[in-house]
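Trainee: Chains as they are written, first to last, in our numbering: chain A, 1 to 300; chain B, 1 to 328; chain C, 1 to 322.
Hints are computed from structural coordinates only; laboratory data are not their basis. Everything numeric in this text was worked out from a predicted model, so none of it was measured. Yeah, the Cβ is synthetic: ideal placement off N, Cα and C, and Gly gets one too. There may be inaccurate statements among the hints.
[Claimed, not checked] Covered stretches of chain B, going by a simulated chain C footprint (3 or more residues, C-beta under 8 Å): (1) 76 to 83; (2) 101 to 108; (3) 116 to 127.
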Amino acid sequence: MNTSSGINNPSSLKKVFKKRSQSKEVWHRLKRNKLAVIGIVILLLMTLVAVFAGWLAPEGYDAQNIKIALKAPGVLKDHLFGTDSLGRDLLSRIIWGAQVSLKVGLIATSISAIAGSILGAVAGYFGGKLDNIIMRCMDVLLAIPGILLAIAIAATLGSGMTNCIIAVGISGIAGFARIVRSAVLSVRDQEYIEAARAINATNTRILIKHIFPNVMAPIIVQVTLGFANAILQAASLSFLGLGAQVPIPDWGALCSAGRSYIRDYSYLVTMPGLAIMITVFAVNLFGDGLRDALDPRLKK
Amino acid sequence: MSKENKLLSIKDLTIHYVTDDGTVRAVNNVSLEVEKGKTLGLVGETGAGKTTIALGIMGMVPDPPGKIISGSIEMDGENLIGKSNRFMRHIRGKKISMIFQDPMTALNPIDTIGEQIVETILLHEKVSKAEAHIKAVEALERVGISRERFNEYPFQFSGGMKQRVVIAIALAANPELIIADEPTTALDVTIQAQVLAMMNKLKNELNTSMIMITHDLGIISEMCDQVAVIYAGEVVESGNLVHIFDEMGHPYTKGLFNSLPGVAIAGHKKRLESIPGLMPDPTDLPSGCKFSPRCLDKSDKCDEEQKLIEVSEGHMVRCWKFDQGKGE
Amino acid sequence: MTKYFLKRLISMIPVLLGVTLFIFLILHFAPGDPARVMLGEFAPQADVDKLRETLGLNQPVIIQYFQYIWGVLHGNFGMSYMTRAPVIDAVLSRYPATMILAGTSAVVMVAIGLPIGIISATKQYSFMDRATTTIGLIGVSMPTFWTGMLLVMLFALKLRFLPAGGYKTPLYWILPAFTIGFNAAAICMRMTRSSLLEVIRSDYIRTARAKGQTEQKILMHHAMKNALVPIVTVVGLQLGLNLGGAMVTEAVFSIPGLGSYMLSAILSRDYPVVQGGVILIATTFSLVNLLVDYIYAFVDPRIKSQYKAQSKKKMRKEDAAA
C-alpha cells in the first residue's frame with residue numbers, strides 16, 4: 001500500500017495545506033495592496049488627529065484675534081496655515097474640524113448601516129408582503145436625489161450637527177437596504193440554510209448565525225463607500241449652511257466661510273477642502289483595497 | 001512518420017509563468033508531433049500543462065505572466081513561436097482552431113450564433129456577407145442544428161447545443177488542425193457521446209487533424225490515433241493506442257489505468273487503486289524524475305534527469321527502467 | 001415589450017405618491033410657520049392666524065394632503081407662499097437652467113470618463129492605468145463645491161478666462177459643467193474600467209481571439225457592448241441626480257436652476273413650491289431610470305427576452321382567468 005516512498009513527507013503536505021482562515025486570508029491580501037495600506041495609514045492618522053485634537057491643535061477652534069486676521073500661511077510663525085477673517089488659526093480649525101467631520105461620518109454611516117441592513121435582511125429573508133412594503137419605502141427614498149433628501153430632512157429637524165448626522169444617516173439607509181437584501185436573497189436559498197431549517201433552527205437563529213456572516217462582505221464594502229459619502233454629504237450640507245453652525249469648524253463650513261475671501265485669500269478655501277479630499281481619498285483607497293481583498297478573482 | 005505526413009511539430013517547448021508567488025514551470029521540454037488527418041491525444045491530470053501547450057500553439061499564452069522560454073512549433077515550414085500577433089491572427093481560426101472546455105461561457109451572449117459563425121468566415125475568407133451567411137448556415141447544419149435557429153442567441157441553447165455551435169465556429173473556415181481542450185467534460189454523458197460522434201464524423205469528412213486534450217481514457221480510445229501522457233509539464237510516455245493501452249510502460253500511465261473502475265478479472269473484483277500523493281507544486285518541481293516521489297518502485301537512479309527512451313518503434317517512455325542497455 | 005414598460009410606468013405612480021406623502025409630512029413637521037415667514041417677524045399674530053386659516057394650515061395634515069393631491073390631479077399645484085404665483089410656472093421656469101447643466105455635465109462625463117476608462121482597462125497595470133486610477137479616485141473624493149471653487153480660482157480669477165457666476169451665455173456653462181462633470185467622469189471612468197476588466201476575462205473573449213479576431217474589434221464589439229449595462233446605469237444615475245440635485249453647484253455658480261430654487265424654498269418653508277419641485281424631480285428621476293432600463297433591452301438580448309417573458313406571463317395568466 002502507500003507507506004513510505006516520500007509521498008507523505010511533511011514538506012509536501014505543508015504545501016498542500018497552506019490555507020489560512022478566511023479572515024486572515026483577507027487581511028493578508030489587504031496588506032499586500034500598497035495603495036490600500038496607504039489609505040489605512042492616512043485614515044489612522046486622521047483618526048488620531050481627530051481624537052487628540054485637544055492636544056494637537058495649537059489653539060481652540062474659536063480663538064479670535066482680529067489683529068492678525070487674514071494672514072497667509074507661513075507669514076506668522078505660529079500660524080502654519082494662516083488665519084481667517086476673525087484671526088483664528090486655520091490649522092487649529094482644521095484639526096478640530098477632523099473631529100467634527102469624522103464623528104459625523106462615523107455616526108451617520110452607523111445609522112445607515114444598522115437600520116439599512118436590518119431592513120434589507122428582513123425584506124430579503126422573509127420575502128412576500130413584508131419585502132414588498134419595505135422595498136417600496138426604499139424606492140420612495142431612492143426616488144429623491146440624495147442631497148435633496150438630506151436637505152429636506154435637515155430643514156425639518158433644524159440646523160446643527162446632530163440633525164445633520166441624522167439627515168445624512170437617513171439618506172443612506174436605502175443604499176444599505178438594497179445591497180443587504182440582494183445579498184440575503186442570494187444566500188437564503190442555499191442548501192445549508194435548508195439544512196439548518198431541517199434541524200428546527202428558529203428564523204432569528206438562522207438570520208444571525210448563518211445569513212449575517214455570509215453577507216458581511218458586501219456590507220463592509222458598502223460601509224466604506226457610505227462613510228466616504230457621508231463625509232462629503234455632511235460637508236455639502238454645512239457648506240449650504242444647514243449643518244454645522246458658526247463657530248463649529250466643520251470642513252464644509254470652513255470652505256463656505258472662506259468663499260467670500262476666495263479672491264485674495266484662497267488658502268481659506270483650499271486648505272479645508274484639501275482636508276476633506278485627503279480623508280475621503282484615504283477611505284476610498286481602503287474601500288477599494290478591501291473590495292479587492294474580499295474578491296480576489298478581480299485582481300489577478 | 002515521414003516528413004510529408006507531419007502537420008505540426010513541437011520540439012523542446014518550455015513555457016513558464018512568472019508570478020509573485022514563484023515561477024510556475026508549466027511546460028518543460030515537450031516534444032510532440034501531429035500527423036495529417038490523425039488525432040493526437042494529450043492525457044493527464046488537471047494542472048499537468050496540457051492547456052498551456054495548446055495555448056502555446058495558438059500563440060495565446062497570456063503574457064504577462066506567461067513566457068515561452070525555448071522550443072519551436074513548426075507548421076508548414078514556419079516556426080510559430082516568436083511570430084507577431086498579426087501573423088498568428090491569420091493562423092487562428094484559419095489553420096488552427098481551438099475549442100475550450102466550458103460551452104456555457106464560450107459564446108458572446110449578445111450576438112446571435114449565426115453572427116458568430118459568420119464572423120469567423122469573414123475574417124479568413126474573401127467572400128461577401130451574403131456568401132458568408134450561406135456558408136455559416138451550412139456550418140450550422142453540419143453540426144446538426146437546424147437553420148431556423150440561425151438568428152437565436154446563445155442563452156436559448158442547451159449546453160450540448162452550445163458546444164456544437166462552438167465546434168461549428170471552429171470548423172467554419174476549414175482549419176487544418178483543431179485543438180479540443182476537454183470539449184465534453186462539462187456535458188452530460190449521453191450528450192458527450194453525441195458530440196464526440198459528431199466530431200469524429202466531421203473530422204473524417206474534412207480530413208482535419210486534431211489534438212484532443214482530455215483526462216478521460218475512454219475518449220482517448222475512441223477518438224485518438226496517437227497518445228502522449230503528460231505529467232508535471234513533461235511527456236512521460238507517448239505512442240499509439242496499442243502501446244499505451246496494451247503495452248503501457250511508465251508507472252504513471254499504469255497508475256492512470258489502475259484507477260479506472262474495472263470489470264472483474266477472473267472472478268476477483270478489482271479494487272480501485274489511486275495513485276498516492278499529489279502532482280508536485282509547479283513552482284517547486286523536484287529534480288530528477290518528477291513522478292518519483294509518488295512512484296512505488298522508486299530507487300536512487302530516479303534522482304537523475306530522465307530522458308525519453310524508445311521502448312519499441314514509436315513508443316517512448318521517460319523512465320530509466322526501460323533503458324535495456326544499462327541493465328536493471 | 002411595450003406592455004412591460006407600460007406596467008413599469010404605472011408602478012411609478014405609487015412610488016411618486018409615496019414621495020409626495022413623505023415630503024408633505026416632513027415639511028409639515030418642520031418647525032416654522034409659513035404664515036409667519038410670509039408676513040414677517042413683526043406682523044401681528046391676528047394677521048398670521050387669519051393667513052393660516054386662508055391657507056388651510058390649521059386642518060389635520062391628512063386632510064391637507066388629500067386636498068393637495070386632489071389639486072394635483074387637476075393640474076393645480078398650488079401657489080407659492082412667497083410669490084403668490086402658480087407653482088407650476090415658477091418651477092418650470094427654473095427647469096431649463098438645470099437641464100442645461102445636467103446635459104452639459106453628462107457630455108463632459110462621457111467624453112472624458114469613457115475613453116479613459118477603456119484605455120485604463122486595456123493597459124491594466126501600466127503606468128497610465130495606475131495614474132488614471134489614482135486621479136479617478138481623487139476625482140471621486142473631491143467635494144463638488146470645492147471642485148467648483150478651485151475651477152473658479154484657476155479659470156475665472158487667475159486666468160480671467162471664464163466667468164465665475166451667472167448663467168447667460170454658453171461661456172457660463174463651461175465651469176459648472178466641468179465641476180459636476182469632473183466628479184461624474186471619475187465615477188464613469190471607474191465603472192467603465194471595472195466593467196470592462198471583468199468582461200475582458202470572459203471565456204467568449206478568448207473564443208473571439210481564438211478565431212483570429214483583431215484586438216480592436218474584440219475591444220469595441222465583443223467587450224464594450226457586453227460591458228455597457230453597468231456603464232449605462234451609472235451615466236443614467238448621474239444624469240438623473242443632476243436633474244434635481246445639483247444644488248451645491250448651482251449655489252457655487254449662482255445658477256438660477258431648480259436646485260437652488262428648492263433650497264431657498266425649503267429654507268423659507270414655501271411648501272407648495274417644495275412639493276411641486278420634488279414631484280417634478282422625482283418624476284424625472286424615475287423616468288430617466290426607466291429610460292436606462294429600456295436601453296438595456298437594446299444592448300442585451302437576454303434582458304429583452306426577460307421583459308417579453310414577463311408580459312407574456314401576464315398575458316397567459318389573463319387568458320387562464322378569462
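Trainee: Which numbered hints turn out to be false for this structure?
Mentor: 1
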